[in-house]
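Heads up: the sequence shown begins at 1 in the numbering used here, then just goes up one per residue.
Worth double-checking, as some hints may not be accurate.
[Stated by the list, open to error] Calculated lysine to any residue pairs in the SDA-like style (CA-CA distance at most 20 Å, straight line):
#1 Lys118 - Gly86
#2 Lys73 - Gly56
#3 Lys195 - Arg169
#4 Lys194 - Ser162
#5 Lys73 - Gly96
#6 Lys183 - Pro156
#7 Lys116 - Phe64
#8 Lys194 - Gly36
#9 Lys118 - Lys195
#10 Lys116 - Ser92
#11 Lys75 - Met27
#12 Lys183 - Gly157
#13 Lys75 - Ala22
#14 Lys194 - Leu173
#15 Lys195 - Pro129
#16 Lys183 - Gly112
#17 Lys75 - Gly86
#18 Lys73 - Val94
#19 Lys194 - Asp124
#20 Lys80 - Asn55
#21 Lys118 - Arg95
#22 Lys75 - Gly56
#23 Lys195 - Ser175
#24 Lys182 - Gly157
#25 Lys194 - Arg169
#26 Lys183 - Asp159
#27 Lys80 - Thr51
#28 Lys195 - Leu174
#29 Lys116 - Lys194
[Claimed, not checked] Label-pair ranges, simulated between beta-carbon atoms:
#30 Val79 - Ala168: 31 to 41 Å
#31 Gln54 - Ser117: 30 to 40 Å
#32 Asn184 - Asn98: 33 to 43 Å
The hints are simulated quantities; they were obtained by calculation from the structure and are not laboratory data.
All values derive from a computational prediction rather than experimental measurement.
All C-beta atoms, glycine included, are put in the ideal place defined by N, C-alpha and C.
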Amino acid sequence: MIHRLRFLWMYLRRPSWDSGIAPPELMQYIQTHPAGRAIDLGCGTGTNVLTLAQNGWQVTGVDFIPKAIRAAKRKTQNVKVDLRVGDVTHLSGVRGINGPFDLALDIGCFHGLENKSKYLDELDRLLAPSGHWLLYGFFKPDSQLSGRFDAAQRKPGLDATSVDLIHARGFSLLSRSDGFDKKNRPSAWFLFQKK
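All chains, full assembly: derive it from the sequences and hints.
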């Protein structure tokens with residue numbers, strides 16, 4: 001509940017992560033793969049939904065913040081896309097979200113979820129065999145180095161358990177590009193393929 005309220009509060013203004021510009025990693029993917037069906041999990045205000053649609057993709061965007069979806073609808077009013085309010089860990093309950101999708105895009109959603117296993121259940125259900133999952137996330141603080149194990153465990157971010165869970169679900173890592181986010185936290189872009 002607190003997590004949801006935090007995001008509602010952030011969308012009262014323009015969230016810090018909403019640059020309005022599609023990242024180069026997505027643009028590279030678009031340029032090197034044929035257009036198909038895509039789902040943007042945690043689409044926010046629709047910047048990447050718009051970019052995919054403008055490049056020939058059939059796109060569904062989902063976010064649990066109604067205000068973000070309203071902004072996405074305004075941004076994408078001149079292209080054909082499907083935008084839904086929904087929880088990415090319970091998409092089977094959201095009318096109109098049906099796979100299979102060739103691409104699942106997640107820029108900063110998965111790393112903030114408490115129940116990553118339910119998210120992966122939905123991703124597995126919606127993604128086509130051999131489909132791709134383009135994921136961006138930042139890493140949790142190194143709890144062993146910081147000496148604040150309990151505090152680090154409560155913070156959002158990816159950790160070894162997250163990556164192990166992804167591999168255990170049958171996703172093959174095709175590429176990984178490490179870097180740092182705006183707050184100088186270690187982060188990475190991953191491209192996974194469903195087996």
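Checked hints:
1. Lys118 - Gly86: Distance of about 14 Å is within 20 Å: holds.
2. Lys73 - Gly56: holds (18 Å)
3. Lys195 - Arg169: holds (9 Å)
4. Lys194 - Ser162: Measuring from Cα to Cα gives roughly 16 Å; hence the hint holds.
5. Lys73 - Gly96: Holds: Lys73 and Gly96 sit about 16 Å apart, inside 20 Å.
6. Lys183 - Pro156: Roughly 14 Å between the alpha carbons, so the hint for Lys183 and Pro156 holds.
7. Lys116 - Phe64: holds (16 Å)
8. Lys194 - Gly36: This hinted pair holds, its Cα atoms lying about 16 Å apart.
9. Lys118 - Lys195: holds (18 Å)
10. Lys116 - Ser92: holds (16 Å)
11. Lys75 - Met27: holds (18 Å)
12. Lys183 - Gly157: Roughly 13 Å between the alpha carbons, so the hint for Lys183 and Gly157 holds.
13. Lys75 - Ala22: holds (13 Å)
14. Lys194 - Leu173: holds (9 Å)
15. Lys195 - Pro129: holds (6 Å)
16. Lys183 - Gly112: With a Cα-Cα distance of about 15 Å, the restraint between Lys183 and Gly112 holds, given a limit of 20 Å.
17. Lys75 - Gly86: Holds: Lys75 and Gly86 sit about 19 Å apart, inside 20 Å.
18. Lys73 - Val94: holds (17 Å)
19. Lys194 - Asp124: holds (8 Å)
20. Lys80 - Asn55: Given pair Lys80, Asn55 holds - Cα atoms ~12 Å apart, limit 20 Å.
21. Lys118 - Arg95: holds (18 Å)
22. Lys75 - Gly56: Satisfied, since the Cα-Cα distance of roughly 17 Å is no more than 20 Å.
23. Lys195 - Ser175: At roughly 15 Å apart (the allowed maximum being 20 Å), Ser175 and Lys195 satisfy the hint.
24. Lys182 - Gly157: Holds, at about 14 Å.
25. Lys194 - Arg169: holds (9 Å)
26. Lys183 - Asp159: Holds, at about 18 Å.
27. Lys80 - Thr51: holds (12 Å)
28. Lys195 - Leu174: Holds, because 12 Å separates the two Cα atoms, which is no more than 20 Å.
29. Lys116 - Lys194: Since the Cα atoms of Lys116 and Lys194 sit roughly 16 Å apart, the hinted pair holds (cutoff 20 Å).
30. Val79 - Ala168: 31 to 41 Å: Roughly 37 Å apart at Cβ, these two residues keep to the hinted range, so it holds.
31. Gln54 - Ser117: 30 to 40 Å: At roughly 34 Å between Cβ atoms, Ser117 and Gln54 fall inside 30 to 40 Å, so the hint holds.
32. Asn184 - Asn98: 33 to 43 Å: holds (40 Å)
Of the hints listed earlier, there is not a single one the structure fails to meet.
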